[in-house]
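The residues making up each chain are set out below.
4 protein chains.
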Amino acid sequence: MKQIGILGASGYAGAEVVRILLSHPLEKNLRVSSVSFEGKTLDSIYPALAAKKGQSLMLENADEVVAASDIVFSCLPNGFAEKTAKICQEGGKLFIDLSADFRFGTDEATYAAWYGKNYSYPELHSMSVYGLPELNRVAIAKAQIIGNPGCYPTSSELGLYPALVNCFAETEGIIIDSMSGVTGSGRDPSQASHYPECADSISPYKVGAHRHQPEIDRCLSQMAGLPVSSVFTPHLAPMGRGIVSTIYFRLKKPMTIEALHSAYRDFYEREPFVRVLPLGAFSSNHNVKFSNYCDISVHLSSNKAMGIIVSSIDNMVKGAAGQAVQNMNLALGIEETTGLLMVPPAF
Amino acid sequence: MKQIGILGASGYAGAEVVRILLSHPLEKNLRVSSVSFEGKTLDSIYPALAAKKGQSLMLENADEVVAASDIVFSCLPNGFAEKTAKICQEGGKLFIDLSADFRFGTDEATYAAWYGKNYSYPELHSMSVYGLPELNRVAIAKAQIIGNPGCYPTSSELGLYPALVNCFAETEGIIIDSMSGVTGSGRDPSQASHYPECADSISPYKVGAHRHQPEIDRCLSQMAGLPVSSVFTPHLAPMGRGIVSTIYFRLKKPMTIEALHSAYRDFYEREPFVRVLPLGAFSSNHNVKFSNYCDISVHLSSNKAMGIIVSSIDNMVKGAAGQAVQNMNLALGIEETTGLLMVPPAF
Amino acid sequence: MKQIGILGASGYAGAEVVRILLSHPLEKNLRVSSVSFEGKTLDSIYPALAAKKGQSLMLENADEVVAASDIVFSCLPNGFAEKTAKICQEGGKLFIDLSADFRFGTDEATYAAWYGKNYSYPELHSMSVYGLPELNRVAIAKAQIIGNPGCYPTSSELGLYPALVNCFAETEGIIIDSMSGVTGSGRDPSQASHYPECADSISPYKVGAHRHQPEIDRCLSQMAGLPVSSVFTPHLAPMGRGIVSTIYFRLKKPMTIEALHSAYRDFYEREPFVRVLPLGAFSSNHNVKFSNYCDISVHLSSNKAMGIIVSSIDNMVKGAAGQAVQNMNLALGIEETTGLLMVPPAF
Amino acid sequence: MKQIGILGASGYAGAEVVRILLSHPLEKNLRVSSVSFEGKTLDSIYPALAAKKGQSLMLENADEVVAASDIVFSCLPNGFAEKTAKICQEGGKLFIDLSADFRFGTDEATYAAWYGKNYSYPELHSMSVYGLPELNRVAIAKAQIIGNPGCYPTSSELGLYPALVNCFAETEGIIIDSMSGVTGSGRDPSQASHYPECADSISPYKVGAHRHQPEIDRCLSQMAGLPVSSVFTPHLAPMGRGIVSTIYFRLKKPMTIEALHSAYRDFYEREPFVRVLPLGAFSSNHNVKFSNYCDISVHLSSNKAMGIIVSSIDNMVKGAAGQAVQNMNLALGIEETTGLLMVPPAF
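Chains as they are written, first to last, in my numbering: chain A, 11 to 357; chain B, 11 to 357; chain C, 11 to 357; chain D, 11 to 357.
For the record, the hints were derived by calculation from the structure and aren't laboratory data.
Mixed in with the good hints there might be a few duds.
It does not matter which identical chain is meant; a pair holds if it fits inside one copy or across any two.
In silico BS3-like cross-links for lysine-lysine, where the CA-CA straight-line distance does not exceed 25 Å [stated by the list, open to error]:
| id | residue 1 | residue 2 |
| --- | --- | --- |
| 1 | Lys-103 | Lys-93 |
| 2 | Lys-96 | Lys-50 |
| 3 | Lys-262 | Lys-314 |
| 4 | Lys-127 | Lys-263 |
| 5 | Lys-62 | Lys-127 |
| 6 | Lys-96 | Lys-314 |
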């Protein structure tokens, strides 16, 4: 019987980790924490999660939850993970962080530049692993501290991995134009997420200045084996869940669409959660909702100069909670897909 | 190993039965049919259903599917079920019909008046059962032909059952004001379901003339033990899934809100899929999406003369495919909730 | 040249008054105030309103705006109107209040019971007029203080006026089931208006307890000439603008649908902003958006016992700012429809 | 009194031309045609357009409408404009075509390659003008045949004009990533525009193969004075109206964001319908709905290598009917903005 703690369970990422784990077959006991709602039940905040039978989950103090847990999912805002990571590392607990705090490894300078904070425990970052299973599966299996990737980075990196590792793509001039559903901005209401102002419209934001830019570039550089500086533009789209990234790269040499498509299909053939669509199909978040899939479609520009990849995920699942559970499975040494093979609704 | 056939699997109800059964633990083999798409795979129509591993489901001829099946879900348009029901009855197969054809039992006159067609095999209707488990659980367990309820009727009937059976409600003057998501109109495009014309607006339709009116009245009459003639108004709402029915009835004698609420809570205490919300909460389809739950909230009018019940379901699950699988579980004698305890997403 | 002041112009109702007046042909000068955004321009909050040519409107202090104005639209929260009304009354200014403060005339008890506040200047309420032009046109033309109706009340009252004044409807047991777009909850973000929680779902709220209930009942009583106690239920619907009220009343004696329809059509024949739809059509907010129209469709229940009226408006126009301008036109003695005949978009 | 005919008035573009002209102050008489709905009134198809007073517009035969008109707006599908253009040219009538038929001037080869049809009257194309007023204002004023631009091209071309004509942008490697609302696919229902399949999701389509690609490239080449081959990707977004194009170009030499922004602001200073937003603001279709504005925001990529322009329009107004009326104004020699200065709703 595993003891699993979810910190920040009243936020969207935390609540989604809970939802996924509730259907996970691992023998387990869930404990949840929340600063704002300590003492309330999780279903008083999210009535959807009300169990017809059995007990409600009570939101507790984070320290108590950590102390009682073998596995800790930290779903707190950026900047709060290190202290708990330290406790977990010393206590032999598995620590999976859904914030940005453990996504930059030893590159403290970049983290500090974009997040305004230095590392308190640099040694923890040396031993942490960036939790993109398709890239780092072996390291994740041995890791005790896992930095779960951001939502935009997950869709972007999976969309570019075959092209970079197989050297089809010029590394200069890569463009990632991404649309995100409004759950991406979290549970707290704001003017940007106020229905009358975001419904029925597309709004770019933080153009040239989003914190996922350095995370993406760091990972793409690792994939390419040389420094990559991409251009990433996020937009808010009127949908609940989902990220659709349309990605452009110049081809190093001319390729047929068939060759480009085959390269992607072959590369991801054995990946359980990446579906390369048939030639002629178009990737959309419509087909991956509430699932851990990343759907990728492959295209050429009409002038044949560029490869165009569309990469879609559910930002809350493959872009957050589902990938975190995938990482847990790997780190526990159980089948990677356990509890994650939910079929996305067709409509 | 059960052989299960789904007829009309390319429609929304059929595809949702498939989706639910794909995660159902019963040892089984699925066969699917479609008139329009015979010879294609189901995931060529619904890419969401593409299996990463294993084979695609091929859409076959209905006759072959029926012949090969132990259990048949018929998801065809109204008027096509009887012939297959006959074959199933004679062949000892379980037949679950998601159209209106087996919802009226021996009341052929009402069926004929509203659906423009007489019964071909009246004896099949005598032995069929109306598949609302909360009302007919025992009969369903013994049934070979089950008429799965309509979506509006399911939400309405569950919302009124405690008030009618316990005689709080005047049976005269009951009003059911219902909102439905656009999946309720099926997969075929139409002007009414064209995004620019249905998004961002509420549209009543078939006011005083919807075919679910006689189905609702027939069931309410059974619950009340005397003839009930309700007033039911459907509206199309700009959402994918869900039905929210706001139901009004005059109280036979004054009741406190606490007493009314307790009556509902007690009545449904042991029902696995009906959640009576805490006093002060409001039922919404938001909290039941992609699940088999019916969420009910209980209210009084400000002048205390009327009970107001809000009853919400996912029209494709408890209002169609989920309830059909619940009926299958009952008829097979396995635990009623098997494969149906999916937790609805909180957002 | 009229000086027109809009108080609370940074809120939704205020900004919509500005938008409508910008296209109004009256020779005028607009001044705007805001507590929260004093010193900023209105288009810094609402970029849609940016004038390509000419100057931005600067948000000023309310006292200065009132002092400089001949006509004052007060778009402040409930409870703030009286002081300004007093100044306007003494200064010979026209005062149009979009809050609830002047909707209850001499019925201070009801106002106090529902809004938790007594009148400071009861004499102002004696001279104020409830600004529903279809009911009070003559009085509005002579008024100096006008209480602009609420959004739900406008749709409800126009939907019931012919039935009550012509005595078709039983006054007991009237039910008003209303859907509102999210702009109805104003500009301030909240959990209820947070996109991921209100999109794609219908949520009833304040059932049996909404402040528009007494306003509706007061007006219906005036129309019927005897006390009416209706049952009103508001719901939040996933749309920006619009109210759709489905209204049920028992017929005093049997009527054909043709007779009921004719009665409505004749009654509203000369009203410039009420469109009674052809028999067989269904009223929807889709067709009145951004316009001052109220679209009414007339139906009978299938059991012929009840009249069913669907009444749709744009909550921000006929339900707020448009009706306020209509009242201004009347009070100024100019053609009532001036600046208000915008054609609603067809899609 | 001008006689104005709108052919194909039952389609979205045609109905929107009617709506705009109904509020246009020109003394005029409107005649409308429709193949599918001849003999019906326009408001029987679009109830929003029902006039409270005055007569409905009757849909007539196109030939009769053309014969009776001084000005003809042709809103028919691609491939049907030439015959009518010929009649208009010979009859001294002004002809404004909203299809693609007159967008390619003398470049018959490109038109034939993408639209599968040769010119019947090449001489008409020699005299026709591409109706983008910001580019061709003088020529439009003298034109008798005007090819109104496509929706995607309008947003793209206005977004790139200053950068190309002032030579900031490398002409190689321009990327245009566009989102369109569902009205862009017209009035006819289809699987792609079926609410349950397009709501709540982003779907790219015709990647590398959309017919607006050659139109865009032709116009960009004219602006740049040398051949431009851009990469254009359309997506369907869950919104009614609007196009948001995010445009990427490499800077020929480094520029500060201030310099780039000033260049755009100065360039468009005197354009009545192009609003270059203040530095730091983001263009969104939210702020241009139902208006003839094009809102442009100016950005730099984080690596400073690329200019990023976001260009938003209402696809039915500046992207179709509004621009057509703007062209009519120019061709008639009346003030260009007549009837087009509607203020977009702020929410």
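Hint-by-hint comparison with the structure:
| no. | hint | verdict |
| --- | --- | --- |
| 1 | Lys-103 - Lys-93 | within (13 Å within a copy, 61 Å between copies) |
| 2 | Lys-96 - Lys-50 | neither (28 Å within a copy, 47 Å between copies) |
| 3 | Lys-262 - Lys-314 | both (11 Å within a copy, 23 Å between copies) |
| 4 | Lys-127 - Lys-263 | neither (42 Å within a copy, 34 Å between copies) |
| 5 | Lys-62 - Lys-127 | neither (44 Å within a copy, 41 Å between copies) |
| 6 | Lys-96 - Lys-314 | neither (51 Å within a copy, 38 Å between copies) |
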